[in-house]
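Visitor: Letter by letter, the chains look like this.
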Amino acid sequence: MRLVGVADTTFARFDMAAAAIDELKKTGTGFKVVRRTVPGIKDLPVACKILLEEGMCDIVIALGMPGAQEIDRMCAHEASAGLIQVQLQTNKHIIEVFVHESEAESDKELAWLAERRAREHAVNAYDLLFRPERLERMAGTGQRQGFDDAGRLR
Amino acid sequence: MRLVGVADTTFARFDMAAAAIDELKKTGTGFKVVRRTVPGIKDLPVACKILLEEGMCDIVIALGMPGAQEIDRMCAHEASAGLIQVQLQTNKHIIEVFVHESEAESDKELAWLAERRAREHAVNAYDLLFRPERLERMAGTGQRQGFDDAGRLR
Amino acid sequence: MRLVGVADTTFARFDMAAAAIDELKKTGTGFKVVRRTVPGIKDLPVACKILLEEGMCDIVIALGMPGAQEIDRMCAHEASAGLIQVQLQTNKHIIEVFVHESEAESDKELAWLAERRAREHAVNAYDLLFRPERLERMAGTGQRQGFDDAGRLR
Amino acid sequence: MRLVGVADTTFARFDMAAAAIDELKKTGTGFKVVRRTVPGIKDLPVACKILLEEGMCDIVIALGMPGAQEIDRMCAHEASAGLIQVQLQTNKHIIEVFVHESEAESDKELAWLAERRAREHAVNAYDLLFRPERLERMAGTGQRQGFDDAGRLR
Amino acid sequence: MRLVGVADTTFARFDMAAAAIDELKKTGTGFKVVRRTVPGIKDLPVACKILLEEGMCDIVIALGMPGAQEIDRMCAHEASAGLIQVQLQTNKHIIEVFVHESEAESDKELAWLAERRAREHAVNAYDLLFRPERLERMAGTGQRQGFDDAGRLR
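Line by line, the protein sequences give chains L, F, C, G and X. Each residue of the first sequence is one higher than the last, beginning at 893 in the numbering used here. Each residue of the second sequence is one higher than the last, beginning at 893 in the numbering used here. Each residue of the third sequence is one higher than the last, beginning at 893 in the numbering used here. Each residue of the fourth sequence is one higher than the last, beginning at 893 in the numbering used here. Each residue of the fifth sequence is one higher than the last, beginning at 893 in the numbering used here.
For the record, the hints were derived by calculation from the structure and aren't laboratory data. A virtual CB, placed ideally from N, CA and C, is assigned to each residue, including glycine. Among the clues, some could well be false.
Claimed, not checked - Here are some, though not all, of the chain C residues that point toward chain X, as calculated from beta-carbon distances under 10 Å:
hint : residue
1    : 924
2    : 968
3    : 972
4    : 986
5    : 1035
Said to hold, decoys possible - Not close to chain L: a few residues of chain C, all C-beta gaps over 10 Å, as computed:
hint : residue
6    : 910
7    : 921
8    : 928
9    : 950
10   : 970
11   : 983
12   : 994
13   : 1006
14   : 1011
15   : 1022
16   : 1026
17   : 1028
18   : 1038
19   : 1041
20   : 1043
21   : 1044
Start from the sequences, fold in the hints, and give me the full structure.
Guide: Listed below in structure tokens is the structure:
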């Protein structure tokens, strides 16, 4: 039995963790989910580290929804850099699922994007853990999570 | 008995630490507060690390008030990156409470914002330590500290 | 027998890893290739670390194709910083092969650039591993990977 | 007897270290000064680390004077990030005293600012080491080093 | 006998390493030079770490010539941050000698600048290793490497 950590925030305006967990369960079996919710995205790195080290998770999905201001982009950068550090300290993957408010033109589109990206990245996390050969088959194919795939260059 | 560290600066123009400590005490019991004041926000990371490692704190609230210039934003970024590193070195949370001078239009509004954000984040620190399930119930609900909550996307 | 790691992404729109592996094999012998594909460039640092530490690779070629938006440049920066950290943690080289979508004016040129850069950097990786004296002979000669060499200053 | 490290540069256009050392001696006793001069501010982090670890210093004052170009701001950022890392590796404070050429409108004002900031931060270093309760009493009072204090918000 | 590492790139358009080595030899004795050439500046951090740890060098001179595009400035930033990390991991100095293509108005001036900066920084490296008191005497005197010294503020 593998453990999949799911870390999310109270700052986000959509329950991306619920979508990710639902998609994980639709995709396969052989794992349990451990969830940890923190206030904002800058709290995610240590939350993920605790899930990986103390919670014994094999991989973590880290979900957040940065605001549309310049300060929010800097927060997202700091959080991302932290998430990479955690991976290098644990030799385990963290799938970062950030949806920037500025990516959508309406609340409705933002909710749609948040759900779809969370679900597609949940499959990525599943693949990294259980079927890495599936990712290798998709190498260089322009996959995107949320909006349409970009596809291969022709 | 748990220990809550409170790190703040002489640079800030409002005693956010006093507000945070007052709110912590209103919120619950079972903890003692250890305070450490440093000159500026770039001195906060090591102050927090000392509180967590030598002061045996279980969590730290780090309060600061960056100025409105571009150089101040860079200082805040450096301090934030340092605070994340400390969390990854200790596996403990630091709740960063930064109020940028540029967030308010008057001194009065800035003081109001500093107090309210300090108080709301003090509750977040309390929740992380004593009732993490409360944060999970608020996952994805658009919580903000200071100004009004953004709320769930509809 | 040396081991050369090749890490790439499903996000990229060209199979740069295939080009790099082909070029490695044309360049020399005495090595085996170990490949690992991840979703995006921010997943590359830990993938490279796993290849170097758990996969026992002697060097890794990390290939990615950042998008043309500002957020993509920030992702590339975070990934690059992570790749440097991995090298410092392992004392082994990672040859970063990033092709930014904004570097080319058409899909066709982008594909051409991705292939050529991947192939030229594959030779760099081979040189670092098997014939470092070849790099020293080219010191200060304005080598570029992909577009034309800049050449020595005159 | 405590040891106070003073690290400075040949790049700076004012002997800020001399001012800091003079002010330290006016402020109190019970310490010796160890000085180390390096070419530029990017050489300061390791100089401070050597002072703290090999020189057994209890605290370091790091003085520099970044130029007015964009590249200088980036150098200052890299140096600052390095200084924070050193503090986290040693659990000791480094008081960063940077005066940007762009902060003053004439050479005369720049020299005045460099001296005053060095002196005021020397007192901060003394306080951190010998009388931290003095800093706590000034918490949230808008202290500045060099130009006038901003004061408390009203 | 001390060991001075010299790390440079095939990307640079001038053999700065040759100039630095020549100047070192003109400046004094008591050391041997160990050279390592890599493709680009982002490969310098690990090359320097290998020179310091495996090559037993006492100091390293790292030479590079970043291009004039925004992406080149980011590469230089990543390389610089990495070089600082290496110094903090080894407690030894690395003298970074970067010449940005944008610093000169012609190829001829760029070559002149690259040679002069390499030579002047070679003396800095020599001073750090053999006569640190010489640097202390120049503290706060506005030294520059390449273009004219800025001099003391008056």
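Visitor: Tell me, in ascending order, the numbers of any earlier hints that this structure violates.
Guide: 1, 6, 8, 10 and 13
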